[in-house]
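As you go down the protein sequences, you meet chains A and B in turn. Counting along the first sequence from 1, when you hit position 201 you're at 200 in numbering that gives the first Met the number 0, and nothing is skipped either side. Counting along the second sequence from 1, when you hit position 371 you're at 370 in numbering that gives the first Met the number 0, and nothing is skipped either side.
Watch out, some of these pointers could steer you wrong.
Computed spacing ranges between beta-carbons, pair by pair [to be verified]:
1. R14/B with G115/A: 20 to 28 Å
2. A135/A with E407/B: 33 to 41 Å
3. I303/B with E64/A: 43 to 51 Å
4. S118/A with L362/B: 23 to 31 Å
5. E64/A with N307/B: 39 to 47 Å
Don't read these hints as lab results, they were simulated from the structure. Think of the CB as a built atom: it goes at the ideal place given N, C-alpha and C, for glycine as much as any other residue.
Next come the chains, spelled out residue by residue.
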Amino acid sequence: MSDLVIQIRDLTRVYEMGAETVQALRGVTIGIRRNEYVAIMGPSGSGKSTLMNLIGCLDTPTSGEYWLNGQEVSRMGDDALARVRNREIGFVFQTFNLLPRATALQNVELPLVYGGIGSRERKQRATEALSRVGLADRMDHRPNELSGGQRQRVAIARALVNRPAILLADEPTGNLDSATSEEIMRVFASLHAQGQTVIMVTHEADIAAHAARVVVLRDGRVASDTVNRQGAAA
Amino acid sequence: MLIRDAIGEALQTIRTQKLKSFFSLVGVLIGVTFLIAVVSIVQGMNVYMEDRFANKLVGLNTFQLRRMPNFNSGNVTEDEWRGWLRRPRINYAEAAAVQTRMKTPAIYSRWCSDNLPVTWSGKTAKQVDVWTADADIFRIKNLDLATGRMFTPQEARAGVPVAVVGWDLTDRLFQGVDPVGKEIAIEGLPFRIVGTVQKQGSLFGISLDKFVLVPFDSPVHRYACRLGFMDEFHVQAKSAAEMKITLEETRETMRIERRLRPQQEDNFAMQTAEGALEGWNKISAILFTALPALVSISLLVACIVIMNIILIAVAERTLEIGIRKALGAKRREILAQFIVESATLSTLGAALGIGTGIGLAFLVRATTPLPAAIAPWSVGLGVFLGVVVGMTAGVYPASRAARLDPIEALRQE
Numbered sequence: 000m001s002d003l004v005i006q007i008r009d010l011t012r013v014y015e016m017g018a019e020t021v022q023a024l025r026g027v028t029i030g031i032r033r034n035e036y037v038a039i040m041g042p043s044g045s046g047k048s049t050l051m052n053l054i055g056c057l058d059t060p061t062s063g064e065y066w067l068n069g070q071e072v073s074r075m076g077d078d079a080l081a082r083v084r085n086r087e088i089g090f091v092f093q094t095f096n097l098l099p100r101a102t103a104l105q106n107v108e109l110p111l112v113y114g115g116i117g118s119r120e121r122k123q124r125a126t127e128a129l130s131r132v133g134l135a136d137r138m139d140h141r142p143n144e145l146s147g148g149q150r151q152r153v154a155i156a157r158a159l160v161n162r163p164a165i166l167l168a169d170e171p172t173g174n175l176d177s178a179t180s181e182e183i184m185r186v187f188a189s190l191h192a193q194g195q196t197v198i199m200v201t202h203e204a205d206i207a208a209h210a211a212r213v214v215v216l217r218d219g220r221v222a223s224d225t226v227n228r229q230g231a232a233a
Numbered sequence: 000m001l002i003r004d005a006i007g008e009a010l011q012t013i014r015t016q017k018l019k020s021f022f023s024l025v026g027v028l029i030g031v032t033f034l035i036a037v038v039s040i041v042q043g044m045n046v047y048m049e050d051r052f053a054n055k056l057v058g059l060n061t062f063q064l065r066r067m068p069n070f071n072s073g074n075v076t077e078d079e080w081r082g083w084l085r086r087p088r089i090n091y092a093e094a095a096a097v098q099t100r101m102k103t104p105a106i107y108s109r110w111c112s113d114n115l116p117v118t119w120s121g122k123t124a125k126q127v128d129v130w131t132a133d134a135d136i137f138r139i140k141n142l143d144l145a146t147g148r149m150f151t152p153q154e155a156r157a158g159v160p161v162a163v164v165g166w167d168l169t170d171r172l173f174q175g176v177d178p179v180g181k182e183i184a185i186e187g188l189p190f191r192i193v194g195t196v197q198k199q200g201s202l203f204g205i206s207l208d209k210f211v212l213v214p215f216d217s218p219v220h221r222y223a224c225r226l227g228f229m230d231e232f233h234v235q236a237k238s239a240a241e242m243k244i245t246l247e248e249t250r251e252t253m254r255i256e257r258r259l260r261p262q263q264e265d266n267f268a269m270q271t272a273e274g275a276l277e278g279w280n281k282i283s284a285i286l287f288t289a290l291p292a293l294v295s296i297s298l299l300v301a302c303i304v305i306m307n308i309i310l311i312a313v314a315e316r317t318l319e320i321g322i323r324k325a326l327g328a329k330r331r332e333i334l335a336q337f338i339v340e341s342a343t344l345s346t347l348g349a350a351l352g353i354g355t356g357i358g359l360a361f362l363v364r365a366t367t368p369l370p371a372a373i374a375p376w377s378v379g380l381g382v383f384l385g386v387v388v389g390m391t392a393g394v395y396p397a398s399r400a401a402r403l404d405p406i407e408a409l410r411q412e
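Starting from the given sequences, assemble the full structure and let the hints guide the process.
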């Protein structure tokens, strides 16, 4: 039990949209171990975005329990959640979501700024993280001076810089061509090989195929949870 | 640490959006410019009025016994004015009585003046102030000699035609020749120059150096004054406190001399430097009352403009806020970011305002005779107001930014 980095039990999420209530999640139970590589799949409306927001601590569940790295986050307030996001979660977004006016280095430093790390250590750790994704020579470039693949690698460096418990990627290759997508998948595989827990939300089967485990959601419930033999860890 | 990052962020935003930022801080700029410039000019005026106007024209611890006030503070009615003109002039007997009955130590001088032409070696200076006075006038008016000597009490008493000239005459009429010992003609009457006075400068652009000072009873007296009368009787005490006493003593003597009944008003005036400043003090008081109102109005406008700009910034940068929140920014960190940004913008405006305000003050100093003096407290106040306006303007937009739902914010493209 203790090596479960994520423990989700009977998680539900109900949205009130005016008079209507939408049951986005109807009781999801998942456990994810340390150093797993999991893909979460499902058609639109299946609740995978809702689950991702809950796992990412951007949202709180209507009912159920969510334990992340030994802390119950399902009952936390805004600021406590912000702290958990900062320490435990590394986000990688489809649209990269880099600050356009900041350099690659400044973007990567950002989580450390909110972590209250001093500027010297910040710079050193951000430089390290950029080197890990092979962008040591692009540190002073702004996002618009970088290719799509390079931007996503900056975003990965930013996600890793605080040594989070999980790397949470939302359609990480959605805005990339297939060659670049493969490049990003190789980065994920290598991070996973180094011991990083990776959770990836995608609707593309060939991208999900890189993961060692595939969870499929349908109508707010887990429809299937299978080990992928072709995946990285298999 | 975070504050420094936020200031850096704010400066970067300002750099990338120069024109928009400039317009947004114009309000603060104008408000602070106004504050600095008006305070500098008023303070400069105060120094000027006290130092130069009052003490040059009236003299320190001095008053002038006159028929009517010399510098009135504005609101004189037609009737009052006519009343003043009907008053008797000060005569020799009255002046003598004031001097003999005075118990407080003081120095005195009778005084008349007129504008007369002065000629030397074929050249004429027109409209020169010819002052006829007693020898103590040099001490009363604090006239320092450049060359030569003053006229003596004996010369003054005997009405010897000697003269001491101001800097303008030395400069323009004699043009480098030492005037001492030269003979000039004042309205055709011969006078020998015995001394020259150091440059006095100017007051509101009017030269204080275009004068000739001659003994009271010297030959030009009949042009300057009616026989037996004088324009002014100058009395100088040793201190401000003693001057107050001499004022009362003089008033008493004059009322007795003129046989005024208790219910009758004084039919003479005693002009003090303080009295001369009365009009100015009123203007300065009005300016200092109006200033906070004017500055507040422009800063209120500035506050609204900046609030609007920051609201737009929050709307435009919703995605950025979402990213920052996803990366672990707490509410108060987002709040601080936008308040600091707003304060930085506003303080920059205030700094520019201080610059233009000081510039304006220097411009006034360079182009007018007013010695505009920058008041350090107004610069401090300007910076303080800049920070306060910015922070106030930032509170509402920043709290909106801080309350944004990260999921919603991240959805924005």
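Evaluated hints:
no.	hint	result
1	R14/B with G115/A: 20 to 28 Å	holds (27 Å)
2	A135/A with E407/B: 33 to 41 Å	holds (36 Å)
3	I303/B with E64/A: 43 to 51 Å	holds (48 Å)
4	S118/A with L362/B: 23 to 31 Å	violated (43 Å)
5	E64/A with N307/B: 39 to 47 Å	holds (45 Å)
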